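Novice: For reference, the chains in residue letters:
There are 2 protein chains.
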Amino acid sequence: MQNIDRQSCLTLDRDDPLAPLREQFQLPPHLIYLDGNSLGAQPKIALQRASQLVQEEWGHDLIQSWNKAGWFDLPSRLGNLIAPLIGADQNEVVVSDSTSINLFKAIAAALDLQSQSPDASQRKVIVTERSNFPTDIYMAEGITRWLDRGYRIHLIDSPEELSQVINGQTALVMLTHVNYRTGYLHDMAGVTALAHQNGALCLWDLAHSVGAVEVDLRAANADYAVGCCYKYLNGGPGAPAFIWVPERHQASFQQPLTGWWGHAAPFAMQDHFEATTGIRRALCGTQAILSLALIESGLSIFAQTNMAALRKKSLALTDLFIDLVESRCAKHDLALATPRSHTQRGSHVSFAHPHAYAVIQALIERGVVGDYREPSLMRFGFTPLYTRFVDVWDAVEHLRDILDQKSYRSDIQKQAVT
Amino acid sequence: MQNIDRQSCLTLDRDDPLAPLREQFQLPPHLIYLDGNSLGAQPKIALQRASQLVQEEWGHDLIQSWNKAGWFDLPSRLGNLIAPLIGADQNEVVVSDSTSINLFKAIAAALDLQSQSPDASQRKVIVTERSNFPTDIYMAEGITRWLDRGYRIHLIDSPEELSQVINGQTALVMLTHVNYRTGYLHDMAGVTALAHQNGALCLWDLAHSVGAVEVDLRAANADYAVGCCYKYLNGGPGAPAFIWVPERHQASFQQPLTGWWGHAAPFAMQDHFEATTGIRRALCGTQAILSLALIESGLSIFAQTNMAALRKKSLALTDLFIDLVESRCAKHDLALATPRSHTQRGSHVSFAHPHAYAVIQALIERGVVGDYREPSLMRFGFTPLYTRFVDVWDAVEHLRDILDQKSYRSDIQKQAVT
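The listed protein sequences correspond, in order, to chains A and B.
Residue numbering for the first sequence follows numbering that gives the first Met the number 0, beginning at 0 and increasing consecutively.
Residue numbering for the second sequence follows numbering that gives the first Met the number 0, beginning at 0 and increasing consecutively.
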């Protein structure tokens, strides 16, 4: 990257066809927000929608809103809006519960399906990464311990191990598509094919990829997926998560969280569970409507563009950030933890530094919000809907200045953050 | 009830010490809302709180709000506010996930605890009611089918059967404290004692009792409880639910939904689950913050009164309703489905009628909102925080008029409602 300067970043922004979308977000002036991979920014219309939900739908229409405002159908309606972002068909996605709970459903369904295979007694391993987001591992631990049928979890330390580890004993390969720390992007189609060649099923956690990278679950022939609505989708803090079950697996989809929203006749108030058909088998109980409904505010912005355009800008942003950090902070002890290859990179970039936590705090004090991830990573998310090229320039300048001046408190105590 | 008329109801309202609390709710003028047992009314401050959450905490402070606005602590903080309403100690309640999911956790923990008893192999029955809210039964079915260790569910048809059915084979007695259809109120202390005498554990679903009747889980020595925040607690549509685990059971509380929020060090990002101590063992994944935070709006109104005062008014309202319906609609085919005894009555009243669904629709068209429950019940909830005595009078007058005039469409098609 030759001769890039602040002015050329401003020019990139001027020529960016996605630039107008930033206006649809409520971002504090002067804040450079590089943490949309953790909590997406607030779409302006979310405020009006929240007011309508509280005042009109809850306050005025009260119980009638379950039908009149379509509350009961929200999991399916939102799922159908997410579908085009992940290469899913209509009626294959519902939004409901948390990512952790949806992982439980999908792992349970996968193990149940595998338990019916001829070699079930030999197929007892769940393969995942030690560096997977912890809750993914924990949910797998929860269900395997509970079932007590010899299932075990094999943690790999590098994606390269997948080809050696996946074999005839593998029941399920469970991976997060984009690693939450490093931004490493798995080859979804390749890994899924490898799993299938060995008789295993493949579950993808799209928490750090939906809305950030192009995802084509159907083209990859994936088996199950879950994902988060409050990161790149900008659905609001802790917004309910989604689960994808392709049509081919829906009839066999069995999971133990058999609540009344997954019943064939939820309002018949029967005394025995009978699963509904289709994707609503993945539902359990009554959903948090206010949080659920606000997800649509974020999705309405995605409907104005497409993932190819977003991905193109995302890569341009992360390329620029990597280049600027490596050129302008070259004398400092920074090590890129994120793949350079476009085919292996999500939409966030992490650099290791001996004082990563302290440097991140110093950046935050200057209005540049990234975050810290154990044990030594500074993580910066680039959300193509609202991050500008000039933000990248300014963030790197602050970083350079902090490092040059050593203006960070290296003795600072870590405070827990999500 | 001698010589009661509309004027005397107005007098009751004038003399009601709880009457001013109604002003804190946003209720549509002229609406008589008798469905607060299904979806509680909107506290006026919820609108302001929603705006603050969206605009300031999400929009302005963004990721910082996890700590700055106390989002991560909300499950515990709200739980501690609910505790005094149900006879729980501090640090025994968390608000999180749905009632269905919390039932799953509690049933799982109960079966796990029983599996360690000397007579575990003989103790395989979950006793509950056929008329329990369906999701309670369905969640028990889900976990017993999944565990596949010989657990079975015994459905009783009347509370009188409890004393015959609970025995040395009973692992768990799982009851909804106030029946969602009839309003029948169980003797919590008596049934719990009966369960304990037989070596069984006792799980109470407080969905239709929290905020409506006096509950004293500790005095009853109950084992587990769950409850709903969007009915009498007025927490907003589909608001997350709560779970109570008494201090004596917390160390042994094991459940399979072992998400990162239940980890001993959630931000250490470890690759192995280690349960935290205390009530947060009942947490799983990231929570729907907007829905969660609004629960406090409803709880802040409870903090201005006490359950004894609310219960007294609730019984006066339901007494009045029963008396007026039976006296003023005496010539119609109405049968009280709710116990007359105060010790057996919750805060809603149901009458059976051959055209129950059509009559409820006719009432709703006149602005009197009750609801219908299969197969023939008209259900009316009396929420002592905002229901007036004159509302009871007017509702009965509308009912009488509809029945007298037969001004309901007996051929109406049922539409699903939650």
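These are calculated hints, taken from the structure and not from any lab test.
The structure displayed is predicted, hence computed values, not measured ones.
Errors might be hidden in some of the hints.
Here are some chain B residues the structure puts well away from chain A; computed CB gaps all over 12 Å [to be verified]:
hint: 1; residue: D15
hint: 2; residue: A40
hint: 3; residue: D60
hint: 4; residue: K123
hint: 5; residue: P133
hint: 6; residue: D156
hint: 7; residue: V164
hint: 8; residue: A250
hint: 9; residue: A287
hint: 10; residue: R365
With a straight-line cut-off of 20 Å between C-alpha atoms, the simulated PhoX-like cross-links for lysine-lysine are [claimed, not checked]:
hint: 11; chain 1: A; residue 1: K67; chain 2: B; residue 2: K67
hint: 12; chain 1: B; residue 1: K405; chain 2: A; residue 2: K413
hint: 13; chain 1: A; residue 1: K413; chain 2: A; residue 2: K330
hint: 14; chain 1: B; residue 1: K413; chain 2: B; residue 2: K330
Note that CB positions come from ideal geometry on N, CA and C, so glycine has one too.
Novice: Which numbered hints does this structure break?
Specialist: 2, 3, 5, 6, 9, 11, 12, 13 and 14
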